[in-house]
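Participant: In order, the protein sequence lines correspond to chains A and B. If you use this note's numbering, the first sequence closes out at 325, no skipped numbers anywhere. If you use this note's numbering, the second sequence closes out at 800, no skipped numbers anywhere.
If you are wondering where the hints come from, they were derived from the structure by calculation, not from laboratory data. Treat the hints with care, as some may be off.
Subject to a maximum C-alpha distance of 25 Å in a straight line, what follows is the list of computed DSS-like cross-link-like pairs (lysine-lysine) [stated by the list, open to error]: (1) Lys-721/B <-> Lys-740/B; (2) Lys-462/B <-> Lys-129/A; (3) Lys-613/B <-> Lys-86/A.
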Amino acid sequence: MTVQVPKLEYRHRVDDLLRTERLPHVWCPGCGIGITLQAFLRAVKALEAKGVVDRKQLVFVTGIGCTGRASGYVRLDGAHTPHGRPIAYAYGVKLANPKLVPVVFSGDGDLAGIGGNHLLHAARRNFDMLVIMVNNFNYALTGGQLAPTTPHGAYSTTTPKGNPERPMDVARLVAALGANYVARWSIHYPVHIEEAIKRALPRRGFRFIEVLSICPEIFGRHIGFRSPVDLYERLRKVSKVKKPKTLEEIKYDWENEITLGVFVDKDEPGYMESICSVYNYDWCNELPERRWSKQ
Amino acid sequence: MARREFLTGNEAMAEAAIAAGLRVFIGYPITPASDLFEYLAEKLPSYGGIVFQAEDEIASINALVGATYAGAKAMTATSGPGFSLMAESLGLAAMLEAPIVIVYNMRTGPSTGIATGTGQGDVMQSRWASHGHYGVVVYSPWSVQEAYNLVVKAFDTAWRLRVPTIVLSDAVIAHTRELAVVYEPGEVKVADRKPPREPPGEFKPFKPDPDDLVPPMAFYGEGYAVLAESLAHDERGYYTTDPENYERLVRRLEGKITRNKHHVVSSEARYTEDAETVIVAFGTLARSALALVKDLRKQGKKVGLWRPVSIWPLDEEGLSKAVEHADRVIVAEMNLGQLYREIARILGPTGRKIELVPVLTPELPGPDELLGYFEKAGVEI
Ligand SMILES: Cc1ncc(C[n+]2csc(CCOP(=O)(O)OP(=O)(O)O)c2C)c(N)n1
Ligand code: SF4
Ligand SMILES: [Mg+2]
Chain A
31 MTVQVPKLEY RHRVDDLLRT ERLPHVWCPG CGIGITLQAF LRAVKALEAK
81 GVVDRKQLVF VTGIGCTGRA SGYVRLDGAH TPHGRPIAYA YGVKLANPKL
131 VPVVFSGDGD LAGIGGNHLL HAARRNFDML VIMVNNFNYA LTGGQLAPTT
181 PHGAYSTTTP KGNPERPMDV ARLVAALGAN YVARWSIHYP VHIEEAIKRA
231 LPRRGFRFIE VLSICPEIFG RHIGFRSPVD LYERLRKVSK VKKPKTLEEI
281 KYDWENEITL GVFVDKDEPG YMESICSVYN YDWCNELPER RWSKQ
Chain B
420 MARREFLTGN EAMAEAAIAA GLRVFIGYPI TPASDLFEYL AEKLPSYGGI
470 VFQAEDEIAS INALVGATYA GAKAMTATSG PGFSLMAESL GLAAMLEAPI
520 VIVYNMRTGP STGIATGTGQ GDVMQSRWAS HGHYGVVVYS PWSVQEAYNL
570 VVKAFDTAWR LRVPTIVLSD AVIAHTRELA VVYEPGEVKV ADRKPPREPP
620 GEFKPFKPDP DDLVPPMAFY GEGYAVLAES LAHDERGYYT TDPENYERLV
670 RRLEGKITRN KHHVVSSEAR YTEDAETVIV AFGTLARSAL ALVKDLRKQG
720 KKVGLWRPVS IWPLDEEGLS KAVEHADRVI VAEMNLGQLY REIARILGPT
770 GRKIELVPVL TPELPGPDEL LGYFEKAGVE I
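Looking at chain B on its own, in the form it has when it is part of the complex (with noise of 0.2 Å):
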């Protein structure tokens, strides 16, 4: 039965990996994330799943993939500095389409940073982490109700499409209380593997469906001797180095999350109907862009907020269509211009003039202190 509760953002992202089905969750404690392991350490056997505290990040992802190899519905939730440790088995995840999920609670970047502070540094490292051209799908929360679906939603789309999911947090959401409706496991949608329909011998555990692109998935344990091979690999998943296979293969990892782009993207407009100027920020940030787009229509200026759900992929249809009156785009955000670089490369050739207010800072600005950033950055508004 759905119910109301008063939840911290990590509270409500455990909450909804419980009604996902999640069976395995493996961590290595870090700020802001250690509270949702708490949590489900307290929680999870209660439902069957175990909580496994590995000896570091790279221990976690690698142990992640081969528990979905296993069968399992299996997450981590970590910082930057631990996202960085992972980055070499992000990219094995998303050669192997090991379907795990990863809440990504960024702070305050680089290095150790301000652990205690938020930020948004890591547009750029949640896709692009790994060496090598791979597809990931990232979606950004700007709430606690919304960091519960997001949740729930990265679940249907690592298992949708075989893909690692990310939900890029931040130390905001993670430790604000807010109110969420929240669900017991089965009341929410979730996609499952798509099992095999050959027999062993026959089966290749790497051969796409010809609509979706996504092979369908043997367990460990079913009799189809399947090897999750880290190397570039044919259908048989087996090594090879030639080239025509290597390019189908590469080709394949980014383009089945953009044959199934329908399933993944996601974004959110308000005052756009006749906005001049369209401010574009994501996640917690975006909550104070809000606001401050409602002060300025207040007095009269015709201005709009376009705010991108899924990061990785974004809804550049969405984009298009929030920025239809306005010659004028400006992205606000808490680094020097990461997801300014998409927007000015999906824009740019529209003619509209395009510019960025850096935001940084440890601590999430009001909208008055947001303006003044606007201010600082020379951008009128």
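In isolation and in its complexed conformation, chain A is listed as follows (with noise of 0.2 Å):
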């Protein structure tokens, strides 16, 4: 006998940003990174709404590993760049058409490892373009390596007796070197995600977006966090959302405290601004982080 299965018709309200046909994802159950990209499409929807930005002028550009395959089910002008790329993929595409507004959206090893020096001159630059880095604590697409951002002691596959490195602050980092904008948030607050997204996105200038991620599949059972639901409330006890007055007061410690909150909130002139101010290209006038500076 054959069952009938009825057809679901379901229909999401971010769907329309969706290559759907796409569908399902490769992403695991309970995998922090759908949360993440489904913030960022909350906030372009919003944005579209209000009229502050039009889809056709995003680029949405990742790199590579599990949080890089999500330009594959984005429906925007996008990339999908080898490892540790985005950042400097998305230098050429502002500096060919300064109207478009890149987005990266990747994962703490392609961003801060192997892709470290792009953000590093990226944020001194205060190049105009919103970095979102989903912080899943290892390199999970290749098995569970040590990442940059892993924790002191923590196993990875790399180091089955436990990291004898010191993890890298990356928020902090990214703050130190003068972006207009950074954030830390965890995937316990997607409402904050999206805020802060729907903040950074018209804004001129190095933007920066740190979200914590559980990733159960691999990170989690390495260190003894197999269930989703377990890794969650672990990460939970450890994030602290806080105003720090300065940059000491941001913690980046996996056994008492990780900072949550927004780190740096201005509106300087970014990189192609401060390049309008030496030559009279005819798209200054254009330039939507024109538009979007209050000054």
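Since each chain comes alone in its own frame, lean on the hints to assemble the complex.
Facilitator: And the structure:
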């Protein structure tokens, strides 16, 4: 006997920003990447409804990793670039057509490890782009090797006796380099992530949002939190929302505190406006960043 | 208006890029390419273009690919160490069919080598630097004027075929001053993209036209939601491991160059009509080789020169014609035999004797010195 399964015509409010024909996606049950991606897509819809951005302006650039696979599902102009290179690719997009708005969405290993040099210099230049970094504390796609963000002492497949290194506090680093907007949230705060994106997307200069995520399949399993709920609770326990007054107050310590919150929120001229102060390009008056700027 | 100027090769190549419509130059300083960058930094903004100094060559090439997808004619200039760093994303450019142009001024390798010396050690690296099988086009000039012409040609090829195109020059061309005829933007012929013919939703960014195997190109910002996918992809740009799709894709990345060879290949033959011995040399070494051929002709020796202008792919028909009357072919190059392997591959089956004269020196030899390298290699002429 064959069973007729009725076709569900389920529509989600962000479906029109997705290449739905490619679903189901590759991510594991309980993975935090989807929460982050949905926050981004919701923010785009909200900004579009307010007439602040047009989806045709956006270029969604990812690197390689579980997080990097997002570009395959998002129905925007985009690129799935080599490991570590989405920021570099985004430079070219913006320089070639300054009316476009690059959004980089990638993993901690991709952006802070192999692509770290680009992250440093993009932040230093206050280069006009939004970067969303999904930090799952490890190299997930390749099976759970050490990342620059892996907590000290934690097991990874390449540090089987525990990580002897100190991790990098990426958000604090980017803040120290002078980026216009820096925030860190965790997937426990989807509304805050969405709000941060709504604030940071229509803005000039370099904007960086780190999202602490859970990877139950690899990182969780390796450190003894196999169930997504357990890892979710473990991460919640250490994530503390604060309003740090100095960079020193921002903590990245898996045992005690990983500070969440908005660390930098300013509106200094970005790279594109800086070159417009030297050269009079015909596009200078049409920069979206100029329109968004409060000044 | 065309004008004659006394320019270095680097200045001429910068002028050529401007004439070809360069909008975005991205570079990282390296000898002997920095002064091309510096020249453009002075001049390109007045033509509306942007010059950007990246943090490394890896950033340069990835940014170039992004720039072409956003609709700009884009170029970088580098040398061996920088090109080595670009290797991974040279493959990206080929995979995404991004029409980037790279001026590659060879210096003395390997490694940091002799930064101020010249060289020809990068024939293979220019073709095979990245992993996997893909296609690129490589031209090699022997004069300042030809360097100018080939940069224009490189933009034309890159945009006509959607293929990364390299001008493999060297330290001698880079810094030699010669008279060259140069033009303004709009005065040289350079292909543009084929725009999409279907509306968004129907347009497939990697669907080739059957005649030239080149897909029309939609730019970012035009509403096509183009996905530039570095993974193996189908015509929509969607990742797939399907073996048939993979074979079709990889064959096409190289096949579109072969299919359009008439636009791409070029070579020059001198004194070959009756030549019993043909010397093969490219780039600046071919100038010394030509002088040597002229000397040998004065001694009554039936020697000719064949000089490839496109190195990858070679003008195989031109080569076959040039050696029609020759039973000996001597490849002289500034390495231990890279172009030689290609010549041997093409002419080996014809039974001709194919000899190699390696010229390992950081300085371009004159004709007499070049003859010395023939003797050193035990190649009589
Ligand atoms: C040049 C290069 N080196 C190594 C790899 C293998 N690799 C793919 S993804 C990855 C790590 C991904 O980690 P992350 O960026 O944190 O992404 P996640 O999977 O955790 O989301 C590595 C090492 C690669 N693709 N390219
Ligand atoms: S391996 Fe981890 S990061 Fe990757 S999809 Fe699974 S849960 Fe998510
Ligand atoms: Mg990760």
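Participant: None of the hints should be skipped; say for each whether it holds.
Facilitator: Status of the hints after comparison with the structure:
no., hint, in the structure
1, Lys-721/B <-> Lys-740/B, "16 Å, holds"
2, Lys-462/B <-> Lys-129/A, "23 Å, holds"
3, Lys-613/B <-> Lys-86/A, "20 Å, holds"
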